[in-house]
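Please take these sequences and the hints and turn them into a complete structure.
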Amino acid sequence: MPTLRIQLPFHLRNLAKVTGEVPLEVDEPVTLAAVCDALETKYPPLLGTIREPSTGKRRPLIRFYACSEDWSNAALEAPLPEAVATGAEPLLVIGAIAGG
Amino acid sequence: MSRVRLLVGTRKGAFIITSDGKRQKWKIEGPHFGGWELYHLKGSPVDPDRIYASQCSNWFGQIVQRSSDGGQTWETVGNQFNYEGAVGEHLWYDGTPHAWEFKRVWHFEPSLDDPDTVYAGIEDAALLRSTDGGMTWTEFPALRAAQGEKWAPGAGGMGLHTIVLDPTNKNRIFVAISAGGAFRTEDGGASWKPINRGLKSNYMPDPTAEVGYCVHRIAQHPARPETLFMQLHWDVMRTDDGGENWREISGDLPTDFGFPVEINPHEPNTVYVVPITSDSLHYPPDGKLRVYRSKIGGEEWEPLTKGLPQENCYVNVLRDSMCTDQLDPGGIYFGTTGGQVYGSADGGDSWNAIARDLPAVLSVEAQTLP
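From first to last, the protein sequence lines stand for chains L and B.
Counting in this note's numbering, the first sequence runs from 1 upward without gaps.
Counting in this note's numbering, the second sequence runs from 1 upward without gaps.
Because the hints were derived from the structure by calculation, they are not lab data.
Even for Gly, the Cβ is constructed at its ideal location relative to N, Cα and C.
There may be inaccurate statements among the hints.
[Said to hold, decoys possible] Which stretches of chain B does chain L cover? Using the computed rule of at least three CB atoms under 8 Å from a CB of chain L, they are:
#1 77-84
#2 129-141
[To be verified] Computed Cβ-Cβ distance ranges for the label pairs, DEER-style:
#3 L:19 - B:82: 28 to 36 Å
#4 L:23 - B:255: 54 to 62 Å
#5 B:25 - L:25: 49 to 57 Å
And the structure:
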């Protein structure tokens, strides 16, 4: 099972009680859905914070970046880049920039 | 000596404010969950150290926090709020049908006799209950069957914000919804009845319809469960028959628009409201922050101003932001959208600023501790 590097936004790190980058073992094939499943299993307080509980879809103000590309609108079942799947590059979970 | 603990929810976190029974010196702790909106926090009447908190964010959704040590430490519990059966539709702002959709928890009401049982009022409006300390939640779907298809959101959303558990009858619960109205169950939630006779709202096509009212708050004194006081969108109302009939008691208030309504803990006929200029101007009339008190259950009101700003004050006081303690004389508290928390240890005769510079206050609950 590959170990990915996940970067979470400030508030989700606090909620999960982690600091810095999160190492995360993810089932293959390595997809955004598999990453979310693994995150929610390892850190139950994150349940529902990245994906809508009722639909399983990405929350509107969450973005996913991988290898300098925006994966926010990719299918959750699409395989992530090899560099992310092997841990060479991190997967960034971003809270959309919005004020308040 | 007894103590008081205030649970303050704000736009940017929760604060826990404590004092001894004199209520003169206060200690502020927080923010807890900094950066998150804390819509409401409330403690169990039978175990005050058991506290439930609604933590939410436009980015990350709904979190429910539970404390078992008076707010020193917290753990996340269940945040799955699902509607039972067919979700159905209510009215949208423009009068078109709109599917029910969970957005946030507006209010927690812990059971009067079990710290693991707690009710949640949510947006879009529904009532749910947990009997396992907040881990899982189950809806009372019969409430939405009470003409839910005719309910519509108020400006702040379609929230169920008031839950009154009758202390004399476990099977009787009152709830209020913006903008659905007031409802009552006599059978523990199996069926619900609209209780809005006597209300009148000109913003509805039928101003005296059975449902659709933007009720802002309901208060009940435990010693007199048939009497309820209501701050309607406009109008302060009263019922003496458990909601079967309401009558207006706005009397000589400078304006009868407002959000909270509270009752003195030791005087069931002493009622407090905070008049706000209008539904278009959400700040006090004339820049003067005044609580109004009636000692005869309405109609005749006196302004309470000592210690409150009487010029250039343009804050609002939201519906869950006023509360009382159980000490004698009774303490009364309220928070403002300007981040102030005011308290009175003499039933409202005089006020002190307990906190001046918090984020906008969404809710204040008082706990009286041994």
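- Message: Run through the hints listed earlier and report the numbers of any the structure violates, in increasing order.
- Response: Hint 2 contradicted; others consistent.
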